[in-house]
Amino acid sequence: MEHLPVEVIGNILSRLGGARDVVIASATCQKWRDACRKHLHTLEFNSGDWPVYRDITPRRLEILITQTIFQTTGLQGLSILMDDVDEFSASIVIAWLMYTRETLRRLSYNVRTSPNVNILEICGRQKLEKLVLAHNSITGVEPNFQRFPCLKSLSLSHVSISALDLSLLLTACPKLESLELVNPEIAMSDAQVTVELSSPTLKSIYVEEISLDKFMLEADSIERLHLRDCALELFELIGKGTLKYFKIDDVSVIHLDIGETVDNLEIVDVSNFTIIWPKFYQMISRSSKLRKLRLWDVAFDDEDEVVDLETIAFCFPQLNHLSLSYELRDGVMHYGVQGFSNLENVRVLELGWTVINDHFSYWVEELLKRCPNLKKMIIFGVVSEAKSREECQILASFTSSIVQLMRKYMHVEVEFEYE
Amino acid sequence: MSMAAVETKKITLRTADNHEFEVEEAIAMEFSTIKTFFDENPDASEDTIPLPNVTSKCLSAIIEYCKSHLAFRARETSSSIDEQVRTYDEEFVKARDNESLKELILAANYLNIKALLDMLNQAVADRIKNKSVEYVRRFFGLENDYTPEEEAAIRAENEWAFEGVDPDDD
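So the sequence lines, in the order shown, correspond to chains A and B. Taking full-length UniProt numbering, I'd label the letters of the first sequence as residues 1 to 419. Taking full-length UniProt numbering, I'd label the letters of the second sequence as residues 1 to 170.
The shape of chain B in the complex, shown without the other chains:
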């Protein structure tokens, strides 16, 4: 180990599509799944961790997110920092389509990154506010597995909720 500079420990992660990512330990520790793994297996830090449920596209976005948030947290708390965090989160989500948001949610859930997961869940909730049943189904790629009778019963029971929905614009 060199005396001149402290080398930051790097962890290697392998994604589902066989890409290897080297990340700083601090960032890897943001993934609770990985943190727990290392807490239980302290000797495994040199090994490559396989992430069969995460694509490289997702992982690189997640790494960016964690890096940025770690940097925000390192700075002194203030209302302007809070606003910068908000703006960053908004930008992070804005450009992504529904499909990539879903992938990110699945990845954040698998890696157990609470803050990211909460933020993404909120972003998705905002996208399905005031929408119709059909819109929500399309958004999440859901199959309607109700029988026609079941569906009619649900609509009748909660009649009030099905009035006056935003017209679907796509």
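Next comes chain A alone, as it looks inside the complex:
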């Protein structure tokens, strides 16, 4: 039987990733130990992979991580994600990084270090392409002396960094394509909390749990923008109209500006947001390439505002996927479904209720009529824990009405999701 070449074994072990499994594999025979020593390119110590890590003291973890890393050569990916460890000592972490930095391309690290380790100083100017950092601080960024020339993907989670350093950090990454900021601790020098970032190469940005006065992003290549659980007074995107994907979820922002040119927008996904319809309409009405529109658990600033199908049909002829869930108010809802234009290209319809009533069934029916080429419909419902007899009856009659309705649309696949 022909044996696997040692590089292939190295590849398999790298996909195994978890340090414990790699050590076990190296104990099978000499060739496999050799593969671990010379051809292993990825090594992971993730508490999520192996629960036993939680029972090992941090001191002992430091030792076993050191031992295992030092048995490898040419490591390209290192991941140390230990959720239950309070901290590792800085000198040990520095040793790990110094040992691997010549070849390291991907680093994930989420343990506090005491005293704080300056990752930039140790990993800068090397081959790093992806950095995922959590629970650490970044200070004293000097792009003239420290750069990440290969870094494409940066994720900072619960990281303490000043607004200025964050901005400088982006200039220190001339090839950055993806940025993720989760709950950063942004130290500010004056009263107003402002973040101004600029990156000509950035394609995707995700920001979660940030609270600022001003957030300005200058990104001429940006394609994806996703904000979640943010409180902002002003968010401004300055670019060249390259944005394709725009998603906001549970965000409060007073002034939102994603640029004049929105020709390339393909997906707009807004949830848990209060929409000022005229402003919103102005923002996206020229996105004639829009394929997916999702307005979920949204409220309208003006009680008389509603999303009307005529506008949607007119502005977004290529719309393929429509998801709507908001409170349907008497009178206003009827206005929303007036008109004759069809949504010719809509294949998937997702409709949700928070309170089930007759309006909803009527609305579903009207929407079905306007989507002649629909393939699939998903109904999302909220069912309260304490189901009163009346609620059960309403749900039952709703079910009957949908069954009856769908008999007219046998070609449409229907799914229900209740929570």
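Everything labelled a hint here was simulated from the structure, so no lab data went into it. Predicted model only: the values in this text are computed from it and were never measured. Beta carbons are placed, not taken as given, at the ideal position from N, Cα and C, and that holds for glycine. Some clues are possibly wrong.
Computed far set for chain A versus chain B, every beta-carbon distance over 12 angstroms [what the hints assert, rightly or not]: (1) I94; (2) L367; (3) C392.
With a straight-line Cα cutoff of 27 angstroms, these simulated DSS-like cross-link-like pairs (lysine-lysine) come out [what the hints assert, rightly or not]: (4) A:K408 x A:K247; (5) B:K9 x B:K67; (6) B:K129 x B:K94; (7) B:K94 x A:K130; (8) A:K247 x A:K292; (9) A:K127 x B:K114; (10) A:K38 x A:K127; (11) A:K240 x A:K214; (12) A:K214 x A:K152; (13) A:K130 x B:K129; (14) A:K244 x A:K289; (15) A:K203 x A:K130; (16) B:K9 x B:K129; (17) A:K279 x A:K240; (18) A:K240 x A:K203; (19) A:K38 x B:K131; (20) A:K31 x B:K129; (21) B:K114 x B:K67; (22) A:K375 x A:K408; (23) B:K114 x A:K38; (24) B:K57 x B:K35; (25) A:K289 x A:K240; (26) B:K131 x A:K31; (27) A:K408 x A:K376; (28) A:K38 x B:K129; (29) A:K152 x B:K114; (30) A:K289 x A:K376; (31) A:K31 x B:K114; (32) A:K203 x A:K244; (33) B:K35 x B:K67.
A short list of chain A residues far from chain B (calculated; beta carbon distances all over 12 angstroms) [unchecked claim]: (34) R33; (35) S91; (36) E196; (37) N264; (38) E327.
Could you slot chain B onto chain A? The hints should help.
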């Protein structure tokens, strides 16, 4: 050459067990080993390429895989296509036993089909996750060539890794 329809160029491959397979050029070009060969020997396209390291069983599975993936790639990228690719890959691997997976890996490595090799390597890695040393040895048909002292030393040095392994279920 007929004017009515463009004939797709076919390449003939001969396996270790002397079966000949005629494949479309596009598929043969997925095998980097063959692509490189043709890049360097453009006049050799009419010849039959011998593949002494690949059985007919392996080659037919590999051809199926490449055909399907070429078809997926021809379609517009979307998340539903990605899911279909994932499902296809899972099915491709699920029915095969450890021995045939190993044969496929060797063949994919020899023919240098990166995507297939990566996928198979991942599938194999998933099968040996959280298993004991003995299980991994059995899976790959490995001979333990450590002396008892060497093996004891490895286990002592990395004591932490040998605690609490899944019980072998075969």
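So, going through the hints one by one against the coordinates:
1. I94: 22 angstroms, holds
2. L367: About 22 angstroms separates A:L367 from the closest Cβ of chain B, which puts it past 12 angstroms; holds.
3. C392: 36 angstroms, holds
4. A:K408 x A:K247: Violated. A:K408 to A:K247 sits at ~34 angstroms, over the 27 angstroms cutoff.
5. B:K9 x B:K67: 15 angstroms, holds
6. B:K129 x B:K94: Within the cut-off at roughly 16 angstroms; holds.
7. B:K94 x A:K130: With a Cα-Cα distance of about 32 angstroms, the restraint between B:K94 and A:K130 is violated, given a limit of 27 angstroms.
8. A:K247 x A:K292: 11 angstroms, holds
9. A:K127 x B:K114: 23 angstroms, holds
10. A:K38 x A:K127: 19 angstroms, holds
11. A:K240 x A:K214: 20 angstroms, holds
12. A:K214 x A:K152: 25 angstroms, holds
13. A:K130 x B:K129: Roughly 25 angstroms separates the two Cα atoms, so the pair holds.
14. A:K244 x A:K289: 9 angstroms, holds
15. A:K203 x A:K130: Within the cut-off at roughly 15 angstroms; holds.
16. B:K9 x B:K129: Violated, at roughly 43 angstroms.
17. A:K279 x A:K240: 20 angstroms, holds
18. A:K240 x A:K203: Holds: A:K240 and A:K203 sit about 12 angstroms apart, inside 27 angstroms.
19. A:K38 x B:K131: At roughly 22 angstroms apart (the allowed maximum being 27 angstroms), B:K131 and A:K38 satisfy the hint.
20. A:K31 x B:K129: Since the Cα atoms of A:K31 and B:K129 sit roughly 19 angstroms apart, the hinted pair holds (cutoff 27 angstroms).
21. B:K114 x B:K67: It holds: about 15 angstroms lies between the C-alpha atoms, which stays within 27 angstroms.
22. A:K375 x A:K408: 13 angstroms, holds
23. B:K114 x A:K38: Measuring from Cα to Cα gives roughly 21 angstroms; hence the hint holds.
24. B:K57 x B:K35: Between B:K57 and B:K35 the Cα gap is close to 22 angstroms, so the pair holds against 27 angstroms.
25. A:K289 x A:K240: Holds - the C-alpha atoms of A:K240 and A:K289 are around 16 angstroms apart, at most 27 angstroms.
26. B:K131 x A:K31: 19 angstroms, holds
27. A:K408 x A:K376: 14 angstroms, holds
28. A:K38 x B:K129: 21 angstroms, holds
29. A:K152 x B:K114: Status holds; Cα separation ~23 angstroms.
30. A:K289 x A:K376: Holds, at about 21 angstroms.
31. A:K31 x B:K114: 23 angstroms, holds
32. A:K203 x A:K244: 10 angstroms, holds
33. B:K35 x B:K67: 16 angstroms, holds
34. R33: 8 angstroms, violated
35. S91: It holds; A:S91 is separated from chain B by about 21 angstroms at its closest Cβ, greater than 12 angstroms.
36. E196: 34 angstroms, holds
37. N264: About 16 angstroms separates A:N264 from the closest Cβ of chain B, which puts it past 12 angstroms; holds.
38. E327: 29 angstroms, holds
In summary, the structure is inconsistent with hints 4, 7, 16 and 34 from the numbered list given earlier, while agreeing with the others.
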